[in-house]
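Novice: Chains as they are written, first to last, in my numbering: chain A, 9 to 374; chain B, 9 to 374.
Source of the hints: derived by calculation from the structure; they are not laboratory data. Any given hint could be a false lead.
Repeated chains share a single entry, so a pair holds when one copy, or any two copies, can fit it.
Under the rule of at most 16 Å between Cα atoms (straight-line distance), these lysine to aspartate or glutamate pairs were calculated in the EDC-like manner [what the hints assert, rightly or not]:
| no. | residue 1 | residue 2 |
| --- | --- | --- |
| 1 | K160 | E354 |
| 2 | K128 | E158 |
| 3 | K18 | E246 |
| 4 | K160 | D96 |
| 5 | K128 | E246 |
| 6 | K128 | E245 |
Given next are the chains, with one letter for each unit.
Number of protein chains: 2
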Amino acid sequence: MRIISLSLKKRSYDIAVGSGITGYFGRYLNKLNLGSDAYVITNAPVKKRYGQGLEKALKKAGFSVRFKLIPDTEKSKSIERSSLVVRDVAAYDKKRRLFIIAFGGGVVGDLAGFIASIYKRGVPFVQLPTTLLAQVDSAIGGKSAVDLSEGKNLVGAIYQPRLVFSDIKYLSSLGPRELRCGVAEVIKYALIKDPALFTYLEKRLKDIFNLDTAAMEYIVERCSRIKAGIVSRDEKEERGLRTILNFGHTAGHAIEAASGYTKYSHGEAIALGMIVACDISRQMGFIDQPLQGRIKSLIRNAGLPTRIERVPLSGIINAHYRDKKFIGTRNRFVLIKGIGRAKVTENIPLKIIRQALEQLQKRDPS
Amino acid sequence: MRIISLSLKKRSYDIAVGSGITGYFGRYLNKLNLGSDAYVITNAPVKKRYGQGLEKALKKAGFSVRFKLIPDTEKSKSIERSSLVVRDVAAYDKKRRLFIIAFGGGVVGDLAGFIASIYKRGVPFVQLPTTLLAQVDSAIGGKSAVDLSEGKNLVGAIYQPRLVFSDIKYLSSLGPRELRCGVAEVIKYALIKDPALFTYLEKRLKDIFNLDTAAMEYIVERCSRIKAGIVSRDEKEERGLRTILNFGHTAGHAIEAASGYTKYSHGEAIALGMIVACDISRQMGFIDQPLQGRIKSLIRNAGLPTRIERVPLSGIINAHYRDKKFIGTRNRFVLIKGIGRAKVTENIPLKIIRQALEQLQKRDPS
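Just chain A, with the same shape it has in the complex:
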């Protein structure tokens, strides 16, 4: 088990990474003294596959356990669902020593984190992520969000967990599309911060898709370490450091919105967003064409899309201008000046953005 510390003074916490470590989870929790009653928010497939093991580990460590199932869909991440679940929390919380465990992927983590932040003005919570995307990204850093009918992720909090416990073993049940979704974020970390990780990905993509334990441990640990470092220095995205984690997300979110959130998974949209950001970076003279090609190859080899079909350009540009990533009316992109060298850039000429998006719709010559 490898331990990464995320330093935030009194709110510091550990990220534990390892394979088959759930047996140690209860002991870890005991040290943290979070409460006696574990309220586990999860979904049916995760509970069916791993619920018994978790329950055993928790009970052995002396905790009472209650599972709360939410539907395994993005729709669970709504303000209405939050109201229902927080009422269930209140009904369960008799002994007043309750803490919350998010046991699942990004949707479960977002909903559970938000509920933990608002119930009694904040109760302790722990992330027990079961997808690659959650282990490398969403479970770390305390950002939670739920959707309104008026827009995605419009309601939420920055509220840190007390522990992130990433058991690689949970990844073995991921389908290939879910796995690719996580790999897209791993590529993001490599591009903004870690040339060695980029090279590793180029060489070991096959091992990753074969769920090789050592490879998975390596990438989860690397990404956790990068994210922990950034969040430690800029928890609330006030210093412009945390912003680089949005690499590929500006155009990515616009593509998701313009395609009605159905055509592309989050990871696929981010892959397309990274293609756009790299093209803008090249047009701005930050990177050269060969490097752009190398990045595109990695994304393609990971089974992620590198071009877009039938999403209207104007829709993307409109969605883009409604995105949370804008400050006022200026646009803001995270670009790269080389592998591992991110640079936040504002006021990109619309012509360049448009050209990058048009490029996305062309067939590759190769």
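Position chain B against the provided structure of chain A, taking the given hints into account.
Specialist: Chain B in isolation, oriented as in the chain A frame:
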């Protein structure tokens, strides 16, 4: 206009107190640079009486204004209402430079503060309190809460406003019961922290109920200063300092709950709670009988209840043991060791609590 600073590093803010100062409100907001679009949460009676004046002041300073009316009742402070209002905020928020103004009493302030804390993980908000209770207490310090059917105030945040702007003029439309409700909190401040304020209240109660401007300014300023000082040193109630603001609230909340939140207003319940806390203080040997009598007289002279009718004792004790103010299974009371000298005390023998509650039900010999 008197300005009190509440110091919380980057989140410090001013509390402005004065009579007829709403004309300066827009200018004050301009300096703070919170946004261009004011989303004003209020209720129909407040809007009818003061809406036009506020709108004029805001528009003159260049802000766009939207009023959102919520029903003038405690029921507005629900998680369901929060969902509806936050969706309305999202629908209004096109230009992305929105900030929220809480224009009303405690209910409006609680709901608006909670919504400001969760929308886009926090947007700026300002308290423009129109009741004495809100001006001296609830508008200051950033605590917000909404109710669940499972219990009151179970969901919320600690999220500071960017300005509290207390125009004494708004108090002129308060009914006597609302006024008394605020006076109960003023008495609380005197008892826990300010002997001079206590003497002032003994002498000037009549002026206060006649809404004498100088008297109102004095008490709002004194209380704001006390609360600002305490919140600055213990924002999140982690150091045991902020706890003393709960003087009278432990038994008060139990009395409210046991009487189904209808018989007594919040201020009346707090008055009864202070009577209980003083009786416990006397039984513990912290204060003597003459002082207890003097406090009781002040509460009675303010038109607040000093004894209870037909609320079953067992109901109070049960409600009491479910209250948020408990840590684990120990009880915890704020007591006083003299006027202005609060002391947090745990594990009061049940017999003493019971006796204090029984005392409440007896007719005064006087």
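Novice: Does each hint hold? Answer for all of them.
Specialist: Comparing the hints with the structure gives:
1. K160 <-> E354: Neither: 23 Å inside a copy, 46 Å across copies.
2. K128 <-> E158: between (27 Å within a copy, 12 Å between copies)
3. K18 <-> E246: Classified as between; 11 Å across copies, 19 Å inside a copy.
4. K160 <-> D96: between (24 Å within a copy, 14 Å between copies)
5. K128 <-> E246: between (26 Å within a copy, 14 Å between copies)
6. K128 <-> E245: Answer is between: at 13 Å across copies they meet the 16 Å cutoff, but 25 Å inside does not.
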